[in-house]
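Novice: One-letter residues, chain by chain:
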Amino acid sequence: DTGVSQNPRHKITKRGQNVTFRCDPISEHNRLYWYRQTLGQGPEFLTYFQNEAQLEKSRLLSDRFSAERPKGSFSTLEIQRTEQGDSAMYLCASSSLGGGGYGYTFGSGTRLTVV
Amino acid sequence: RKEVEQDPGPFNVPEGATVAFNCTYSNSASQSFFWYRQDCRKEPKLLMSVYSSGNEDGRFTAQLNRASQYISLLIRDSKLSDSATYLCVVNRQDKIIFGKGTRLHILP
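Chains as they are written, first to last, in our numbering: chain A, 1239 to 1353; chain B, 93 to 200.
Calculated directly from the structure, the hints in this document are not laboratory data.
Among the hints, a few may not be true.
Below are the DSS-like pairs computed for lysine-lysine, each with C-alpha atoms no more than 25 Å apart in a straight line [said to hold, decoys possible]:
(1) B:137 - B:171
(2) B:137 - A:1249
(3) B:192 - A:1295
(4) B:137 - B:94
(5) A:1249 - B:94
(6) B:94 - B:134
(7) B:192 - B:134
(8) A:1295 - B:94
(9) B:137 - A:1295
(10) B:94 - B:171
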């Protein structure tokens, strides 16, 4: 386990369908973050977990979005009833507690295209 | 107003030149500061941390001015491989907040 793994790498879906992404963090990291990045923008914070507890959710995370980290290891991000505006790169990162911003490792992302 | 503001560029700079990027942040509670680099269609990667005393890593120098809430990055003797987007990042309340990024193109 040498890095953060995200699956799938790419996802094309029709508007209105549900999609689920998975993130496997670095095993000793207890914090896991989800970000969304659209073209020409920096990554935008969505939510984060400390172990299995979801500690913060951005206002960007509408009711159609839900994230889980059931055993404090991998996490899933589900988008229900996808819209074209959901098309973006979804990035996962992990870090250890008390990192203070240091030691974040990002996965390669899942690129979602809603058609 | 965005919490972290950067000039999006692009900066088109000849190889060997020196280039400087600036960034401002709005929340004085921000605790730590970083520059990340992001290549096209890749994930962001930490370039360097930024301290008030200034810090240098090879051709890269970063500086933080807490009073002005201003962060800078200087790249000397730029290389073609420096072409990328440079993201200004602040840490606040256990998460990192990104600027929009500044695109840099190094021209041969």
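Novice: Taking the hints in turn, state whether each one holds.
Specialist: Checked hints:
Under the criterion of a C-alpha separation no larger than 25 Å, the hint pairing residue 137 of chain B with residue 171 of chain B is consistent with the structure, at around 18 Å. Between residue 137 of chain B and residue 1249 of chain A the CA atoms are separated by roughly 23 Å; this keeps the pair inside 25 Å, and the hint holds. Restraint check for residue 192 of chain B and residue 1295 of chain A: the C-alpha separation of about 20 Å stays at or below 25 Å, so the hint holds. Of the pairs offered as hints, the one joining residue 137 of chain B and residue 94 of chain B holds, with about 22 Å between alpha carbons and a cut-off of 25 Å not exceeded.
Annotation: proposed proximity of residue 1249 of chain A to residue 94 of chain B is violated, straight-line Cα distance about 30 Å (limit 25 Å). For the hint linking residue 94 of chain B to residue 134 of chain B, the alpha-carbon distance of about 23 Å falls within 25 Å, and the restraint holds. The hinted pair formed by residue 192 of chain B and residue 134 of chain B meets the criterion: a straight-line CA distance of about 15 Å does not exceed 25 Å. Of the supplied pair hints, the one linking residue 1295 of chain A and residue 94 of chain B holds, its CA atoms being roughly 18 Å apart against a limit of 25 Å.
The suggested pairing of residue 137 of chain B with residue 1295 of chain A holds, with an alpha-carbon distance near 23 Å, which does not exceed 25 Å. Using a Cα cut-off of 25 Å, the hinted pair residue 94 of chain B and residue 171 of chain B is violated, with the two alpha carbons roughly 31 Å apart.
Of the numbered hints stated above, those contradicted by the structure are hints 5 and 10, listed in ascending order.
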